[in-house]
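Using the hints provided, position chain B relative to the given structure of chain A.
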Amino acid sequence: MAMHSDVMLDTLGLFCPMPIIKTSKKIKELAIGQVLKVISDDEGIKKDMPAWCETTGHQFLGLEEEQNGGTIHYKTYVKKSK
Amino acid sequence: MTTTKLDPQAALAELQESKPERVTLVVLSGDMDRVMSAFIIATGAASMGMQVTMFFTFWGLNAIRRPGMSSQASDWLRRMFGFLNKGGADTLPLSRFHFWGLGTRLMKLVMRRNRMPGVPELMEIAKDLDVRFIACTTTLGLMGITKDTLIDGIDQFAGVSTYLAEAKEAQVNLFI
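Protein sequence lines, in the order shown, are assigned to chains A and B.
Residues 6 to 87 (our numbering) make up the first sequence, in order.
Residues 1050 to 1225 (our numbering) make up the second sequence, in order.
Worth double-checking, as some hints may not be accurate.
[Unchecked claim] The calculated DSS-like cross-link candidates involving lysine-lysine, where the alpha carbons are at most 27 Å apart (straight line), are:
#1 A:Lys-87 <-> B:Lys-1176
#2 B:Lys-1176 <-> A:Lys-31
#3 A:Lys-87 <-> A:Lys-27
#4 A:Lys-52 <-> B:Lys-1176
#5 B:Lys-1176 <-> A:Lys-33
#6 A:Lys-84 <-> A:Lys-42
#7 A:Lys-30 <-> B:Lys-1176
#8 A:Lys-27 <-> B:Lys-1157
#9 A:Lys-51 <-> A:Lys-80
#10 A:Lys-27 <-> B:Lys-1176
[Said to hold, decoys possible] One side of the interface only, derived from the structure: several residues of chain A facing chain B at Cβ under 10 Å:
#11 Phe-20
#12 Met-23
#13 Ile-25
#14 Ile-26
#15 Lys-30
#16 Asp-53
#17 Thr-60
#18 Thr-61
#19 Gly-62
Since the hints were made in silico from the structure, they are not lab data.
Beta carbons are placed, not taken as given, at the ideal position from N, Cα and C, and that holds for glycine.
Just chain A, same shape as in the assembly (with noise of 0.2 Å):
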């Protein structure tokens, strides 16, 4: 079952850093407890969005991986927290 989500940010096709960018921009749109989904195709935001969070103060809710024909969608979802 899919995870809850207010705002999504597609930043499929992106390299570091755009996803976290991008990412850092779109939360400021957010209301504090709205939860943030990022879609990206780049593997590294499996650990770059946890340590994003880390450094910021939002909360890390988790990630889903979805085989979508030859590549893989990572979905983060971010909490905003403050």
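Then chain B, alone, in the frame of chain A:
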């Protein structure tokens, strides 16, 4: 009259809490791959809420020069040097496999096809994220590069003391 009592311990804790983490990067190299790495770290750190300062010196200054600008240095030796040493964020050569420009052009083509931002794009993002740019005045003079031939948006023209004052407050200091 009302007086507000301030708890010094709490005030200090609040100050430390609100103080952002800092990163400084010395960009000495003018190689495209190295400058790109510097900007990737800078934009990444800024996105993580850190305060980032980039200190450009020697060949790194080429990254913040406006393309096609001729040197306005006062003596002919330095003017000549400024003429031979081409600048501009989009003209930086690869540190390896440059092959008189062919290797670098191929690399840029691959990057464009994969929607990877190059040095000029990363630089725009860095400015947008309030990364501070400092140009080293000593090497500007040495290399015959004048201030008016640099890009807009250089925050400071300074020397080693300014860098060290920043670096001693920072948690991450890199020399590239």
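**Request:** Please write out, lowest number first, the hints stated earlier that are contradicted by the structure.
**Result:** Hint check: nothing fails, all pass.
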